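Residue numbers (the working numbering), protein chains in the order written: chain A, 1 to 252; chain B, 1 to 357; chain C, 1 to 180.
These aren't lab readings, by the way, just hints derived from the structure by calculation.
Given the structure is predicted, the values throughout are model-derived calculations rather than measurements.
Just so you know, even glycine gets a beta-carbon here, dropped at the ideal spot from N, CA and C.
Please note that a few of the clues may not be correct.
Said to hold, decoys possible - Away from chain C, derived, C-beta distances all over 10 Å, residues of chain B:
| hint | residue |
| --- | --- |
| 1 | Ser84 |
| 2 | Asp133 |
| 3 | Tyr187 |
| 4 | Ser210 |
Unchecked claim - If you anchor each label on the Cβ, the simulated ranges turn out as follows:
| hint | chain 1 | residue 1 | chain 2 | residue 2 | range |
| --- | --- | --- | --- | --- | --- |
| 5 | B | His221 | A | Gly206 | 32 to 42 Å |
| 6 | C | Leu101 | B | Tyr288 | 50 to 60 Å |
| 7 | A | Phe17 | B | Gly132 | 24 to 34 Å |
| 8 | B | Lys47 | A | Val240 | 47 to 57 Å |
| 9 | B | Gly132 | A | Ile7 | 30 to 40 Å |
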Amino acid sequence: MQQVYSIPKSIKQNSTFTFCPGCDHGLAIKLVAQVIDELELKENTIAVASSGCSVLLYDFLDVDCIESPHGRACAVATGIKRAHKAQGYNKFVFTYQGDGDFASIGLAESLHSALRGENITAICINNTNYGMTGGQLGPTTAMGQITTTSQSGRNKEYHGFPIKTAEHIALCEGTSFSARVALYDIKNIINAKKQIKKAFEYQKKGLGFSFVEILSTCPTNWKLTPQDSHKKIENELIKVYPLGIFKDIEND
Amino acid sequence: MSEKVLLKGNIAIAKAALNCGCSCYFGYPITPQTEIGEYLSSKMQEKKLAYVCAESEVAAINMALGAATSGAKVMTSSSSCAVSLMQEALSYASSDELPIVLVNVMRAGPGQGYIFPSQGDYNQATIGGGNGDYKIIALSPSSVQECVDMTYKVFYLAQKYRNPVILLVDGLLGQMAEPITIEDNPYPNIDNSSWILNGAKNRASRNIHSLEPNPKKLEEHTLKLHKKYLEIEKNEVDWEEYNCENADYIITAFGSMARIAKGVSDYYKTKGVNFGVFRPKTLYPFPYERLRELSKKTKVFFDVEMNLGQMHKDVCQAISQNSQVFFIGRPAGEWLKQDEIIKAIDKIFEGQYATSI
Amino acid sequence: MIKSFIISGSGGQGVLSIGSILANIFMLNNLFVTYCTCYGAEMRGGAVNCEINMSDKEINTLQNEKVDFVVALNQASFDKFISKVKENGTMIINSSLAKILKPRNDIKYIFMPFSEEATKMGDIRMTNSIALGILAKLLGGFNFENVKKGYEKILSTKTELIQKNIEAYLLGYNYKMGEM
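Chain A on its own, in the form it takes in the complex:
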């Protein structure tokens, strides 16, 4: 009998995801782990977790990891990358952040890392709200979307507009790669892994800041079933946040 599936080596053995049922975080982490395995990065990686649900990364991913203060993951990653470089080592450094962490409180650190062309990778899980604190309006909450702090839906008078992160990062000269992916069906999952791999490879090649925004579910706070959450992404959110590659230094 042939084994067709196994848990990635870079996932901690005997660990069980503690995310909510139907949350895409677990899948996203698994894809990251698969890419780390395939590129044989495990022994050379330092990951930077952030505040929010994404902080749980180090409970599951079996690589060296530091948790960053809220929003500062790209600054922390910059320090790690540069410190090792000064000692003559090229370590693989990536951040794993939520949209609130990356694009709200940490926007300055994120954008400036991209502008500097910092040779790191950032993975941003965009679930359009502050999940860990119970679903408040975030920088990516779509117009009209109901959250605990926009109970009649996001409107421009009170809340202004959401940020299209991958498009913004693509505008930075130091960015090598910027893409938005989703995880609502097999085709998209396969594509998401492909883009994560590309982003990681670009760092390995030393091309500059690489970025993947992953549109993800938050069934608990969206108050939807896992199935309906994925349908919401497919039917509503990708209209607001179109999928695609916004910058690819090797193919543009």
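Since chain A is already given, all that's left is putting chains B and C on it; use the hints.
Chains B and C alone, transformed into the frame defined by chain A:
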């Protein structure tokens, strides 16, 4: 012995940092400490070391936090109102047990204040503005020579205790030049191979985090940190005494004010009055015990600071109940000069009780 | 014995150069010295000044209410620092750029057209060194080797420039006080 050179404090600190192997610097400009970053920018680039003109002080200290996980000697420098921005990361770094050197060349506050010399950050350095039960080691030089010697020491203490350390420098010292000699770093390197993050090769993966959802583990961690602080308090207290033995009066002061205080002591010596000067070199840990011992003989203390009495409370806490402390100080803006201090002391001698001038 | 100095002028007049050379000469003479330059926004508008203390003992007076000597290379410096001269102290003034006025009668004044003298030498940049020469004379002179070394520390390998500056220094040093 090395040749004497005339250097300002900021440059002396930068040179000493490079001399003792600082390989990472992250900073954002603010007067009166900008020369540190300016000097290091070219020197570190020449040596291919890590140097980033950070987008903010928040980013700078977090870059330092990241870099510290590599085991490298890392430094950031800033001033007062911008050090306020770094408090969060200091709390994190304390919990994460990361060695970070932060040089604060003080300016006047509160808020933006101005670039005048001040000692208004004693509380910020020794108590801190971050959350939780944490402590930052804080050293305060009183001469440019000490800027060098203490820079060596703060890097050593940061590594030894895996804790952030602040070098709290009076704005005046950062800007003032004095003849100094730069000897080699006298401190050994600390083996950090057991905890650094450099890739999980031939070992289990490590993670460094302050988040701890398990209440028992969080308590254990905080108690472990506390134990370390007690160790620091036992081992690292440092101070200077000037004519304190058999002194009728003792002036307590830190940083540059301690030098002014020595001038006051010399003045009173010509009048036949014995004035000692007691200067904490480590602000945390504070030399409570030695001060208490001195207060068994000396009954009257004058605490002199360029603020409105921040170290004063520590002096009060230290001395015995039978002694008393008069406070002489003024907030930043105008310098507190020797004659003013003498005038204030004379006034107190005349029986006009005053707590400030 | 502690002596204190302020040197002041506008940007480009070499205030910090001679300040730092003077401080270095003191250092080379094994004296204690502190040297402070104005910084940050204080420099806005082009005013530059520095303050020096010199003593044979450790210096604990870091900031002075008043100083023994003020060197003013222009009118603005004269106006700003006339009140900072100690009683019986001395003010050395570049009369090429400042009026010959003596508003206080408890201090000594030395007026000399440094800029004109420097121009006569063929290089207006020598203004500062002429002033330094005068100051040196008032202090009873320095070990000349140390003066040269002081210049070398600041101007490093610019041999020609050092030579010229030392000529200017000597011009100031040998200026007959009666001529002032």
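The hints, checked one at a time:
no., hint, in the structure
1, Ser84, "holds (19 Å)"
2, Asp133, "holds (37 Å)"
3, Tyr187, "holds (26 Å)"
4, Ser210, "holds (36 Å)"
5, His221(B) x Gly206(A): 32 to 42 Å, "holds (38 Å)"
6, Leu101(C) x Tyr288(B): 50 to 60 Å, "holds (58 Å)"
7, Phe17(A) x Gly132(B): 24 to 34 Å, "holds (29 Å)"
8, Lys47(B) x Val240(A): 47 to 57 Å, "holds (48 Å)"
9, Gly132(B) x Ile7(A): 30 to 40 Å, "holds (36 Å)"
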